[in-house]
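J.: For the protein sequence lines, the chains are A and B, in the order given. Here this note's numbering is used: the first residue of the first sequence is 1, the next is one more, and so on. Here this note's numbering is used: the first residue of the second sequence is 1, the next is one more, and so on.
Hints may be right or wrong, so weigh each one.
Think about it this way: if two alpha-carbon atoms lie no more than 27 Å apart in a straight line, the pair counts; the simulated DSSO-like pairs of lysine-lysine are [claimed, not checked]: (1) A:K136 / B:K4; (2) A:K103 / A:K93; (3) B:K100 / A:K4; (4) B:K175 / B:K140; (5) A:K200 / B:K136; (6) B:K140 / A:K136; (7) A:K136 / A:K102.
Away from chain B, derived, C-beta distances all over 12 Å, residues of chain A [stated by the list, open to error]: (8) N8; (9) D37; (10) G38; (11) N46; (12) H50; (13) R69; (14) E77; (15) E115; (16) H118; (17) E128; (18) N146; (19) Y191.
Rather than coming from a laboratory, the hints here were simulated on the basis of the structure. Beta carbons: idealized from backbone N, C-alpha and C, even for Gly.
Number of protein chains: 2
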Amino acid sequence: MIDKQALNEYESRYRTTLINSLAGVKQAILIGTKSTDGYSNLAIFNSLIHIGANPPLWGLIFRPATVKRDTLNNILETQQYTINYVATRDYQKAHQTSAKYKKTISEFDVCGFTECYHPHFHAPFVAEAPVKIAMKMEQKIDISINGTILLIGSIQHIDMDETLISPDGFVALDKAQTLACAGLDAYYETYLMDRLVYAKPR
Amino acid sequence: MIDKQALNEYESRYRTTLINSLAGVKQAILIGTKSTDGYSNLAIFNSLIHIGANPPLWGLIFRPATVKRDTLNNILETQQYTINYVATRDYQKAHQTSAKYKKTISEFDVCGFTECYHPHFHAPFVAEAPVKIAMKMEQKIDISINGTILLIGSIQHIDMDETLISPDGFVALDKAQTLACAGLDAYYETYLMDRLVYAKPR
């Protein structure tokens, strides 16, 4: 049993790795943004949160003191960002976007992804991404307990192979071999075991 | 391309399935609670969010109008809950906890899980769970944009096979064959492809 005292006494990096990886697998996503003065940014995140479907709203968690600062600044400046799923074969390139590059350096260029654009949308997409989603910032919520930020955006459009969508709306992301991750450095493949029917008391 | 107008025009259940499943895989967890008048509750969730490691804080998203109402009420009453990971072989039992049972019926009993307790902790754990985590509620944040709730709790203790923890703190949840899920009904296995070193500009 790891009790509260043991958790408190762990060396800081050990505790971060433990608590972060223990939270389990999540979809790996690349967030594309562009500052008002024209610098593109691309950064890997794993904190995508489903907030609601009507309207379609998703959240992201930002820790203010981290490497991801350019992403947050660009979103606050432009209210726009893109969510790009990662093909499993691109996991090493995606991980490299977590390095601390200067604002004037585009992670698209140095990490080997291709910037592309949709009409009437300022933020850049990842051409290699099997799913590309345009997002508009809707609400920024400051989490007072530890200074993190929950940023909520609405889905503007979705660009994907629509044959991945089942007749009932289910998206078979595993068929597109999209990357999952845990913690800050562990990358996973996922396999669909089963879909079950709506559960009723029995 | 699925644009905003198409999203708006989808039938409500289709849109819910699409947006929910598109958000990708997440760890499947069973939340154990017990009301002050002694009724146990167990419910499957997939909205576990890493908020921070120091102190160790995790969040959950609640939609007030859903089946999970007993869970939220019990947490607000007692400030305690447990997070229990699910062995992949138990996915059907875990899914059954999403059925709308009356408050007086324990999902532990009807879905085939065994209730167990740790000293000095009111909320019930799942004996079958490969990872059992005791949580204390810390903060409730109302998300005004759609009426959902972000509930943040702190980790009180962790009960797991500690041989799953690497020397650097990484928890190999895949070795414990823990269940992942997407949307409301799709269950996944996960496989670790690789862990990478901390990325630096190159």
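J.: A separate judgement is required for each hint: does it hold in the structure or not?
T.: Hints and how they fare:
1. A:K136 / B:K4: holds, 11 Å
2. A:K103 / A:K93: holds, 18 Å
3. B:K100 / A:K4: violated, 34 Å
4. B:K175 / B:K140: violated, 33 Å
5. A:K200 / B:K136: Roughly 30 Å separates the two Cα atoms, so the pair is violated.
6. B:K140 / A:K136: Holds, at roughly 25 Å.
7. A:K136 / A:K102: Measuring from Cα to Cα gives roughly 25 Å; hence the hint holds.
8. N8: violated, 8 Å
9. D37: Non-interface label on D37 of chain A holds, nearest chain B Cβ at 21 Å vs cutoff 12 Å.
10. G38: holds, 21 Å
11. N46: violated, 8 Å
12. H50: Its Cβ does come within 12 Å of chain B, the nearest being 4 Å, so this is violated.
13. R69: holds, 15 Å
14. E77: It holds; E77 of chain A is separated from chain B by about 21 Å at its closest Cβ, greater than 12 Å.
15. E115: holds, 18 Å
16. H118: At roughly 8 Å from the nearest Cβ of chain B, H118 of chain A sits no farther out than 12 Å, so the non-interface label is violated.
17. E128: With a cut-off of 12 Å, E128 of chain A remains clear of chain B, as the shortest Cβ separation is near 17 Å.
18. N146: violated, 4 Å
19. Y191: Non-interface label on Y191 of chain A violated, nearest chain B Cβ at 5 Å vs cutoff 12 Å.
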